[in-house]
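Chain B: place on chain A using the hints.
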Amino acid sequence: MTSITVIDEPENPAERAPLVEGRHNFATVTETVARVAEQRTPKGWYLLFGISVAALLNLGACLAYLFWTGIGIWGNNSPAFWGWPIVNFVFWIGIGHAGTLISAILFLFRQKWRTGINRAAEAMTIFAVMAAGLFPAIHVGRIWVIYWVYPLPNQMSIWPNFKSPLVWDVFAVSTYFTVSLLFWYVGLVPDLATFRDRAARAGKLLTARIYGLFSLGWHGSNRHWLNYEKAYMILAGLSTPLVLSVHSIVSFDFAVSKLPGWHTTIFPPYFVAGAIFSGFGMVITLMVPARKWLKLHDLITLNHLDNIAKILLLTGTIVGYAYSMEFFIAWYSGSPYEQFAFINRAFGPFAWAYWIMIFCNVVVPQIFWFRSMRRNATVLFVVSIFVNIGMWFERFVIIVTTLVRDFVPANWGYFSPTVFDVLVLIGSFGLFLTLFLLFCRFLPIIALSEVKGVMPDANPHHGHDDHSPAEGEEKPMEVN
Amino acid sequence: MANYFGAVAEFESAADIYKAAEKTTTAGYTRVDSHSPFAIHGMEKVLRHPPSHVGWICVVAGIAGIVLAQLMMWWMNGVDYQYVVAGKRAYDWPTTIPITFECMVLLSAFGAVFGMFGLNKLPRLNHPLFRHKTFHRASDDRFYLSVEASDPKFDQTKIVEFLESIGGKNVELLEEED
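Chains A and B, in that order, give the protein sequences.
Each residue of the first sequence is one higher than the one before, starting from 5 at the first, in this note's numbering.
Each residue of the second sequence is one higher than the one before, starting from 935 at the first, in this note's numbering.
This is chain A alone, in the form it adopts within the complex (with noise of 0.2 Å):
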C-alpha cells in the first residue's frame, strides 16, 4: 500500500517519490483505469468527438479534391516546391518521436515513471504517424501509382533507387509505423485482458468478446510473462535506435542535398532532439486536459509533469544550440551561399517566421527552470501549445527559406499558403485527434500491468500488507 502524500511540500531528495499517489491497491488502480472505458460517454467526449470528425471530413473532401484537381491547389510553386505538405510530415512525424521515447528509451533506462504515461504516449506516436504518412503519399501528386516507392514489380520494369534518401525515408516511416503499433499492442494485450474479464463479468457479453479477440486468450501465466517481458524489452531495444534513425532519415532527405541551409551534418542529431522537444510538447497537449477530464491524477502525477517539463527544457535548450551552431557554422565555413542562406533566415522575407520559432522554442520553456512552474498544469498546457507552435515553424523555416532563395536569383520568390494548405493541415489534426478520442473511449489508456508492476505490492518479498483495507471499502483519493 503506498502512503498518502502532500505533494506540495517538497519530497525528502533522499527518497524517490511515490509513482501511485492517492492510496491505491491493485483493483483501485484497475478501477481507475476501466471506468474511463466503462462509464457512460461522457457530453464533453461527444463534443470533442463532433469537432474531430468535422475535421476529418472536411480532410476527405479536400483529399477529393486535391486528387481530382493536382497539387497546384496548394501554394507550393517554383521555387519552393516543398511547401505545407512536406512541413507537415516532418511536423507530425517528429510528434512520434516522444511516444517511442517514452516507451523504448525510458524503458532501457529504467525509469519507472513512465508507466503512467506511455500507453497514451504510444497511441499518440502511432496516430502521429499516421498523419504523418498522409503528406508524403499526397504530395507525389499521382496518389494512384504511390506503390512505385516500394520495391514492387511493376510493367516498367524499374526498381526504386536505393541511393535516394527519400527511398530510405520509405523504409523508416513504414517500419517505424510497423513496430511502433506492435510495441504498442503488445503492451496492450494483458490490459485487454483486464477488459475483457471486466466485460466477462458484468455480463456484457459482446464487449467482452470483442476485447477477448483482441487480448488473444491472455491469462496472465508467469511462462507467458517470462516470453511476454523478453520480447517487451527486445521492442525497447529495437526501437531506440530505430526511433534515432528515423528522424535521421528525415533529416537525410534535406541534409543529403546540396542545398544551402540543409547541407549541415548537424541536421540529424539537431532533428532528433526536435522531434524529441516536438512530442512531448504534445504529449503534455494531451495528457493535461485527459488527466483532469478523467480523473487521473494519481496516476499522472504531477511528479511526471514536472519530469515532461524537465526534458522540454533540455530538448528546447539543445535545439536552441542547434540554431546557434547553425549560424556559426555558416560563418565559419567560408561560404558565401551558407553564409547568406542564414543572414537571410534571421533577416529576410521569413524573419517573422524565424523569430516565431526562437520566441516559442527557445525563450518559452527557459520557464521550466523554475519548479512552480514544471508543477503548474496550466502553465504546462500554455507553454506545450507554444512549443507546438513553435516547432512547426521550425520545419517552415528550415524548407521554405532555403527554396525560395535559390542560386540564381532570378529564379527567388515568396512562399503564400493557399486555403487548402490551411485545410488539410486542420484535416491532419481531424485526423490524429480522432484516433486519439477513440482510444481514450474504448482502450485501457494507462498501462496497467505495468503501473501495477511498480507498486510497491508487486514485490514478491514486500511481505503481507495486512494494513490494506478489504476491497470496497475505500475509493481511490484525489490528491490535487
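Hints in this document: simulated from the structure, not taken from any laboratory.
One should not assume that every hint holds.
To be verified - With a straight-line Cα cutoff of 20 Å, these simulated EDC-like cross-link-like pairs (lysine to aspartate or glutamate) come out:
#1 Lys979(B) / Glu233(A)
#2 Lys957(B) / Glu1106(B)
#3 Lys1087(B) / Glu1106(B)
#4 Lys1092(B) / Glu1106(B)
#5 Lys953(B) / Asp461(A)
#6 Lys299(A) / Glu35(A)
#7 Lys1092(B) / Glu956(B)
#8 Lys1055(B) / Glu233(A)
#9 Lys1103(B) / Asp1089(B)
Only chain B this time, still in chain A's reference frame:
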C-alpha cells in the same frame, strides 16, 4: 473419469503466491505455473521455469532482415536495373546501410512479437483456466497457482488438500477443454 487440466488455487498477494509457489515446487511438483495481473519478478526461479528463447528467434529474424535487404538492393540496383546517378556505382554499399538497418529492425520486431505469441501458444479462443469461478480476477488483483494434470505427482484428491494446506483459496479441479 473426467480428463483434468489441473488444479488451481487463489492467493491474495504477490508475496503469498511467491511463498506458495516455493512450497509447491519444494514438495516435488514440476508442472506448476502462476497467473498474475503483472509479471512477478523472481517467480521463474521458484517455479523453475527456463529462460525465454524469444531472443534467439529475434536474432535469426534480424540476420534474415540484413541478408534479404542486401540481396534485394544488390540485385535490383546492381544487377537488374542500374541507375547512374551522380557518378556513383550501381550498387554502392554505404548507401544501403539505412535500408538494411530498417529491414533488420522490422524483421527482428516481427520475430520478437510473433515469436513470443508462438512460444506462448497464443492466440487461443478459450482455456480451461477460464472455467475457474474467480479466475477473472487474475487480470485484476488476484494471483492463481496452477498445478497441471500432466505433472507426474498430480493426484486429484491430494492436490486439492495440498493447495489448501499452503493457503490457497477457492481451490478447484478444472476439466480439460472438450
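Holds or violated: Lys957(B) to Glu1106(B), with C-alpha atoms at most 20 Å apart
holds (18 Å)
Given hint Glu956(B) paired with Lys1092(B) - CA-CA distance at most 20 Å
Distance ~18 Å between Lys1092(B) and Glu956(B) Cα, so the pair holds.
Does the structure keep Lys953(B) and Asp461(A) at a Cα separation of 20 Å or less?
Distance ~14 Å between Lys953(B) and Asp461(A) Cα, so the pair holds.
Given the hint that Lys1055(B) pairs with Glu233(A), test it: the Cα-Cα distance must not exceed 20 Å.
holds (16 Å)
Holds or violated: are the alpha carbons of Lys299(A) and Glu35(A) at most 20 Å from each other?
holds (12 Å)
Tell me if the straight-line CA distance from Lys1103(B) to Asp1089(B) falls inside 20 Å.
Cα-Cα ~18 Å, so holds.
For the pair supplied as a hint, Lys1087(B) and Glu1106(B), is the alpha-carbon distance within the 20 Å limit?
Holds: Lys1087(B) and Glu1106(B) sit about 17 Å apart, inside 20 Å.
Check the hint pairing Lys979(B) with Glu233(A) against an upper bound of 20 Å on the C-alpha distance.
holds (15 Å)
Under the criterion that the straight-line Cα-Cα distance not exceed 20 Å, is the pair Lys1092(B), Glu1106(B) satisfied?
Within the cut-off at roughly 12 Å; holds.
Checked against the numbered hints listed earlier, the structure breaks none of them; every hint is satisfied.
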